[in-house]
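Protein chains in written order, with the numbering used here: chain A, 1 to 91; chain B, 1 to 209.
For the record, the hints were derived by calculation from the structure and aren't laboratory data.
Watch out, some of these pointers could steer you wrong.
[Said to hold, decoys possible] With the C-beta cut set under 7 Å, the calculated list includes, among others, these residues of chain B facing chain A:
| id | residue |
| --- | --- |
| 1 | T5 |
| 2 | E12 |
| 3 | S15 |
| 4 | A18 |
| 5 | D100 |
| 6 | I106 |
| 7 | V107 |
| 8 | A194 |
| 9 | A198 |
[To be verified] Far from chain A, by Cβ distances over 10 Å, these chain B residues were calculated:
| id | residue |
| --- | --- |
| 10 | I42 |
| 11 | L61 |
| 12 | D84 |
| 13 | T187 |
Remember, predicted model here, so these are calculated numbers, not experimental data.
Beta carbons: idealized from backbone N, C-alpha and C, even for Gly.
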Amino acid sequence: MKGKRTLYEIYWEMLTFCRNPRTFTSIVHRCSLNSDIGQEHLDFLLSRGFLKKYKDDGSNLFRTTEDAMVFLDAFRAMYLELYNKGPEFKL
Amino acid sequence: MEKETFDRFNREMRSFYALIILNIVGAGLAMSFGIAWIVPNITPMIQEQSIQISKLALTGLVVVGCVVALRWLIASVEVFDGFDDLRDDSRVKEAEANCDSLTGLIVRSMAWYRERKANINDLKFGSRVTGAFFLLSAVLQILNLASTLSSTSPFNLTLSMIGFILCLVLGVAGLLIPYSITRFVGTWDHRIEASDEASKRLERIVEGQ
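Could you put the whole structure together from the sequences, leaning on the hints where they help?
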């Protein structure tokens, strides 16, 4: 994804993408992050318990945990509200 | 609820798409009209190797108008870049019609708006200057037409009237487009402010407060 995103938008993208187990490379690629920034965000989400890291067939995989659901649900509700409430642009 | 939000999202996409196309067409017309004016007015001066100060000054003004129109065109294309991908993606995601794909589209469109806000504001400037330029040109043309009305053939009169109407339409469009862009920017700024508030609430959730 191109453009300027907030920190929480990046977290949402990473957590949504990791609903299925993902490798570090696929996460940084999908979320358009460089590896340093990607590692920083992953470490933070791991420290909060929103992501779980495990090994499978020699690969390190990351998966979103149940603890992240509170964040994901709140994020979705707030962003849908941005469109449902407030003015609408029409020509 | 998702269907309603998708519909709203797509309505806005269509409206803004039409606005960008208007900008691209307006800028393209302004440039081509300017060039079409410069060439026949500058060629006789080169051939006769004589400079008419008033004509040269007017040509200079049209060249400046063309440069502004070119900037307007480039800004329009830059805004179009990314937005078109977003629009294509919204069609695909509409078929999926689930909360995550819709939220993803909203996140993408907000990222796009934050990145392109300066370009969107450039559109207002380009459009206003070009609109004012064409209105001025329309006024000059009607004054010129009024002063030579008795000696002008019906054919030339028709051509002059077409030129006047084109300038008037482009001028009015150029002045109306910024109004629509201002409303678009207002709608989005409201969302960006709301997303800043949302970020504060999300921070509390992430920090476990």
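Against the structure, the hints come out as follows:
no., hint, result
1, T5, "holds (5 Å)"
2, E12, "holds (5 Å)"
3, S15, "holds (4 Å)"
4, A18, "holds (6 Å)"
5, D100, "holds (6 Å)"
6, I106, "holds (5 Å)"
7, V107, "holds (5 Å)"
8, A194, "holds (5 Å)"
9, A198, "holds (4 Å)"
10, I42, "holds (38 Å)"
11, L61, "holds (31 Å)"
12, D84, "holds (12 Å)"
13, T187, "violated (4 Å)"
The structure does not agree with numbered hint 13 stated previously, though it agrees with all others.
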